[in-house]
Amino acid sequence: MNTTDFVKAFTDAMTHEGVEEMMKLWSPDGEWLIMATGETFKGLDKIRELATRSVAARTHGSGEGLLPFNVFTNVEGTHLIWEYVHKGVVTEQWPASTRKPAVGTEFSLPIILSCDIQNGKFIKIREYFDLLTLTEAGTPHHLYS
Amino acid sequence: MTPKETVTKYWEAYTRHDQEGILSMLAPDYNLRSPLSGGVATKHMVAGGLKLFEQSFPNLKEEVISMVVEGNRVVCEVVETATFTGSLDWPTEAIAPTNKSYSLPFAAFFRVDSQGLIVEQQNYWDTAAWIRQVGIDAKLFTPDSKSLKS
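Line by line, the protein sequences give chains A and B.
Taking my numbering, I'd label the letters of the first sequence as residues -12 to 132.
Taking my numbering, I'd label the letters of the second sequence as residues 4 to 153.
Hints were generated in silico from the structure; no laboratory data involved.
Keep in mind that this is a model prediction, so the values were computed, not measured.
There could be a bad hint or two in this list.
To be verified - Here are the simulated DMTMM-like pairs of lysine to aspartate or glutamate, each with C-alpha atoms no more than 20 Å apart in a straight line:
#, chain 1, residue 1, chain 2, residue 2
1, A, K(-5), B, E73
2, A, K29, A, D103
3, A, K(-5), A, E8
4, A, K111, A, E8
5, A, K111, B, E80
6, A, K87, B, D140
7, B, K7, B, E57
8, B, K12, B, E73
9, B, K7, A, E8
10, A, K29, A, E114
11, B, K12, B, E96
12, B, K103, B, D116
Given these sequences and hints, build the entire structure.
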C-alpha cells in the first residue's frame, strides 16, 4: 500500500468507526500514547481495546463525528499528521475517571495525532488534546478574551 | 525563509526569551487558537501574554522533539519546561508564585504565509496537566475571571 492509500485507509477507518480496518494498519508491537493522561496502549490487543472503548464512550449526531481538516505526511512518508475536531455526546460507557463528564454532555474537542510509520504500518501514535476541554465541556478557559 | 526555518526561528526565540524575536515571526493578521486562548487570539494579545509569562516563568524552555513539514504547513511536537517563580499578574489580581516546575509535552500546528511569517497557529496542550503541576486553579482561566483583555 502506498502512502496515499495508507492515509486514505486510515481516514476512512477513523471517520467511519472502522476499528478492524484501522487495526490492519498497525505493526504488531505498535503503541498509541494519550499524552494528556499519560496512558500507553502497546500491542494490537491494547490498541483495539482503546479504539473499542473510545467508540463506545460517545455517540455522534448529525454533523458530528471525527472531522479531519489537516491531514498530511512528510516527504518520506514516515510521519503522518492527522488533525481533527471530535464532536460528540458522552455516553454511560465513558471510561471511569475522577473527572468523568456527565452522560449527555456535548463536546467539541480539537485533537492532533502525530503518527510514526515504518514499513507501511503504524509503529506509534501520539495523541494530543486538552483534557480540561473534555472534562469541563461547556466551560471555556480563556486567557486572552 | 522556508516554513521550516520560520518555525525553527520562532522556537529559538522562545527559548532565548526574545519577545521581539517571537513577534517578528508572526504576520500582522496572525491568529492563535489554544485551550487557554478562548477562541482566536491576535498578535497583540499574544504580545501581552508573552510579557505576563516572562515574569512568571523566567526559565521557560521549549525543546522541539519533532517537526513535520508539508508545503506551508508545519507541525511540531515540543516539550515545554518552566518553574512558576514570579508573580502572575492578572489586570486586577496577582497570583503568588508556587515555585513548582512543570514539564509539558504539546503539539503545535503552524501555517506560514508567502512572506515567511506565521499566519495561523493552533496549540494542543493539556491545561489540566499544566495547572496540576504548577498548582494553579483552573477557575482562573474561566470567562468570569480577570483575563487579559485585548
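- Message: Tell me if the straight-line CA distance from K(-5) (chain A) to E73 (chain B) falls inside 20 Å.
- Response: With Cα atoms ~17 Å apart, K(-5) (chain A) and E73 (chain B) stay inside 20 Å; holds.
- Message: Would the hint linking K111 (chain A) and E8 (chain A) be met if the CA-CA limit is 20 Å?
- Response: Given that 20 Å is the threshold and the Cα spacing comes to 17 Å, the pair holds.
- Message: Checking one constraint from the list: CA of K29 (chain A) to CA of D103 (chain A), max 20 Å. Satisfied?
- Response: holds, 14 Å
- Task: Below or equal to 20 Å on CA atoms is what counts here, so check K111 (chain A) against E80 (chain B).
- Result: This hinted pair holds, its Cα atoms lying about 14 Å apart.
- Query: Is the straight-line distance between the alpha-carbon of K(-5) (chain A) and that of E8 (chain A) 20 Å or less?
  - Reply: Holds, because 11 Å separates the two Cα atoms, which is no more than 20 Å.
- Query: Taking 20 Å as the top limit, are the C-alpha atoms of K87 (chain A) and D140 (chain B) close enough?
  - Reply: The hint holds at about 18 Å.
- Is it true that the CA of K7 (chain B) sits at most 20 Å from the CA of E8 (chain A)? With Cα atoms ~34 Å apart, K7 (chain B) and E8 (chain A) exceed 20 Å; violated.
- Message: For a C-alpha distance cap of 20 Å, please report whether K103 (chain B) and D116 (chain B) respect it.
- Response: Violated, because 38 Å separates the two Cα atoms, which is more than 20 Å.
- Message: Check the hint pairing K12 (chain B) with E96 (chain B) against an upper bound of 20 Å on the C-alpha distance.
- Response: violated, 34 Å
- When you check the alpha-carbon spacing of K12 (chain B) and E73 (chain B), does it fall within 20 Å? holds, 18 Å
- Does K7 (chain B) pair with E57 (chain B) here, judged by a C-alpha cut-off of 20 Å? violated, 25 Å
- Distance restraint between K29 (chain A) and E114 (chain A), which requires alpha-carbon spacing of 20 Å or less: holds, 14 Å
In summary, the structure is inconsistent with hints 7, 9, 11, 12 from the numbered list given earlier, while agreeing with the others.
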